[in-house]
Each structure stands twice: as C-alpha cells, then as structure tokens.
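Colleague: Using the hints, position chain B against chain A.
Quick note, the sequences are listed as chains A and B, same order. According to our numbering, the first sequence is numbered sequentially starting from 1. According to our numbering, the second sequence is numbered sequentially starting from 111.
These are computed hints drawn from the structure, not numbers from a lab. Beta carbons are placed, not taken as given, at the ideal position from N, Cα and C, and that holds for glycine. A portion of the hints provided could be inaccurate.
[As the list claims (entries may be wrong)] Here are the computed distance ranges between Cβ atoms for each label pair:
hint, chain 1, residue 1, chain 2, residue 2, range
1, B, 136, A, 80, 30 to 36 Å
2, A, 3, B, 148, 17 to 23 Å
3, A, 59, B, 219, 25 to 31 Å
4, A, 19, B, 151, 36 to 42 Å
5, B, 162, A, 11, 30 to 36 Å
[Said to hold, decoys possible] Residues on chain A that point at chain B, a partial pick, calculated with CB under 7 Å:
hint, residue
6, 42
7, 43
8, 46
9, 50
10, 100
11, 103
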Amino acid sequence: LAKTTQPISMDSYEGQEVNITCSHNNIATNDYITWYQQFPSQGPRFIIQGYKTKVTNEVASLFIPADRKSSTLSLPRVSLSDTAVYYCLVGRRTGNQFYFGTGTSLTVIP
Amino acid sequence: DTEVTQTPKHLVMGMTNKKSLKCEQHMGHRAMYWYKQKAKKPPELMFVYSYEKLSINESVPSRFSPECPNSSLLNLHLHALQPEDSALYLCASSQRAGKNIQYFGAGTRLSVL
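Extracted from the complex, chain A is given alone in its bound form:
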C-alpha cells in the first residue's frame, strides 16, 4: 500500500489560506486520496476525497497533479477552530485497508 509523507506541523494566522502537501510516491492506479481532520479525543472526520486534478467542496479543495505522486489540501481563510491534525490517506478503491500517515498538526494563531 502507498505510504504517505506529510509535514509534522504547520502554523498559520487566522484568515490565511493553508496548503498541506502529502507525498505518496508509490500510489497505485486504483488508489484514491482522502483527507481527514481530527480534533483531540475525537475520531477523524472526512474532509475531501479525490482521484486526479482538482476537487472542491464547501470546506476545502484538493489538488492532485497529473502524476498523482503528491496532493495538496487547501483550506481557505482558516479560523482558530481549524486547529487540528490533518491526515492524508491513500487507499484502494476496491479494498478496505486504510493506513493513516503521520498527519500534520495545524495550529491557527490569532
């Protein structure tokens, strides 16, 4: 299964756009890229999923280049409540195995 690499931590000021990049060099053809958000003592919460190019929903955008060896989660205009750990997962569309990477701890500063 594809291993993912993310920055361990990031800081950002309120109101700024935050981009978190995930590297997944050995991603397979059938793999989808999924991002989750986790607050302390809570379960992860689905943010966005994509296969290629760009996906946007009401909370985030996901950019995936043509070679799919990396992906970038973009959070527009972050607020203090966006302080959390963000995980990138690469998983087989036809499988049930999901392995979380180390995650990126985002701290939003007032």
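Modeller: For chain B alone, coordinates are given in the frame of chain A:
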C-alpha cells in the same frame, strides 16, 4: 444520520478483567472497522468487517476479539490486556467494501492498570 456511536466513552480495567467495547451505526453501512490510537500517533487499523464477516485482521493479539453480531453492531472484546494496550479505540464504518469514506465514532478511551 451520519453518526457512529461508541460506548463506553471511558473505560478503566485491570489486567485480569474482561470487558467489551461497543460500536453502533444506523447508516446502512456494510463495512466496519476497529482502530487503535496512541497519544500523538495516527490511528492504526486493527480489524475490518465486511458484510458481517471478518475480512482483515492486522496481526492483532488474541487478547482482542472482535465480533459483528449484525450489520449495525460491532463489538471488541478485551481480555487479559496489558498496560501498553491503553489507548483510544476508534470504530468506523463505510458504505461497503471499496467505498473508502469512513465515518468515525468519538472513540473509547481505555486505561489498563
């Protein structure tokens, strides 16, 4: 309703105790998962059930015994645990095999004394 409910929220047990964690979902999902999460670490997959059958066991010690009585319920039976088993145990579900958007419960915080 996109809720996965886990009980209890907190559990303290001795190494000789037997206890069970419970997970419930009413979204009609046919795949359910158990994860273990240590402090400041990512969740680690333990078990996967697909259509009420165990499909993946990530080499978890036998002191953890999963059970899926029906499509809405998932249990994790605990026996003779070790202090290093103390962690947050997370349950998740997804629509079916291959649909990898998982919905997670809030977890059970387990302390083994």
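Colleague: Look at the Cβ atoms of residue 162 of chain B and residue 11 of chain A and judge whether their distance stays inside 30 to 36 Å.
Modeller: 45 Å, violated
Colleague: Do the numbers back the hint for residue 100 of chain A, that is, is its least Cβ distance to chain B under 7 Å?
Modeller: With Cβ-Cβ at 4 Å, under 7 Å, it holds.
Colleague: Was the hint right that residue 43 of chain A lines chain B, CB cutoff 7 Å?
Modeller: Holds - the Cβ of residue 43 of chain A comes within 7 Å of chain B, reaching about 3 Å at its closest.
Colleague: Restraint: residue 50 of chain A near chain B, CB-CB cut 7 Å. Satisfied or not?
Modeller: 12 Å, violated
Colleague: Could you tell me whether the CB distance from residue 59 of chain A to residue 219 of chain B stays inside 25 to 31 Å?
Modeller: At 27 Å between Cβs, range holds.
Colleague: Quick check on residue 103 of chain A please, does its C-beta sit within 7 Å of some C-beta on chain B?
Modeller: Cβ of residue 103 of chain A sits 5 Å from chain B, so the hint holds.
Colleague: With respect to the beta-carbon atoms only, verify the hint that residue 136 of chain B and residue 80 of chain A lie 30 to 36 Å apart.
Modeller: The hint (30 to 36 Å, Cβ to Cβ) holds, given that residue 136 of chain B and residue 80 of chain A are roughly 33 Å apart.
Colleague: Once the shortest beta carbon distance from residue 42 of chain A to chain B is found, is it less than 7 Å?
Modeller: Interface hint status for residue 42 of chain A: holds (5 Å vs cutoff 7 Å).
Colleague: Please verify that hint: residue 46 of chain A, Cβ, nearest Cβ of chain B, below 7 Å or not.
Modeller: At 5 Å from the nearest chain B Cβ, residue 46 of chain A passes the 7 Å test, so the hint holds.
Colleague: Tell me if the beta carbons of residue 3 of chain A and residue 148 of chain B are separated by a distance inside 17 to 23 Å.
Modeller: 19 Å, holds
Colleague: Taking the CB of residue 19 of chain A and the CB of residue 151 of chain B, does the distance hold inside 36 to 42 Å?
Modeller: For residue 151 of chain B against residue 19 of chain A, whose Cβ atoms are near 24 Å apart, the range 36 to 42 Å is violated.
Comparing the model with each numbered hint stated earlier shows that hints 4, 5, 9 do not hold.
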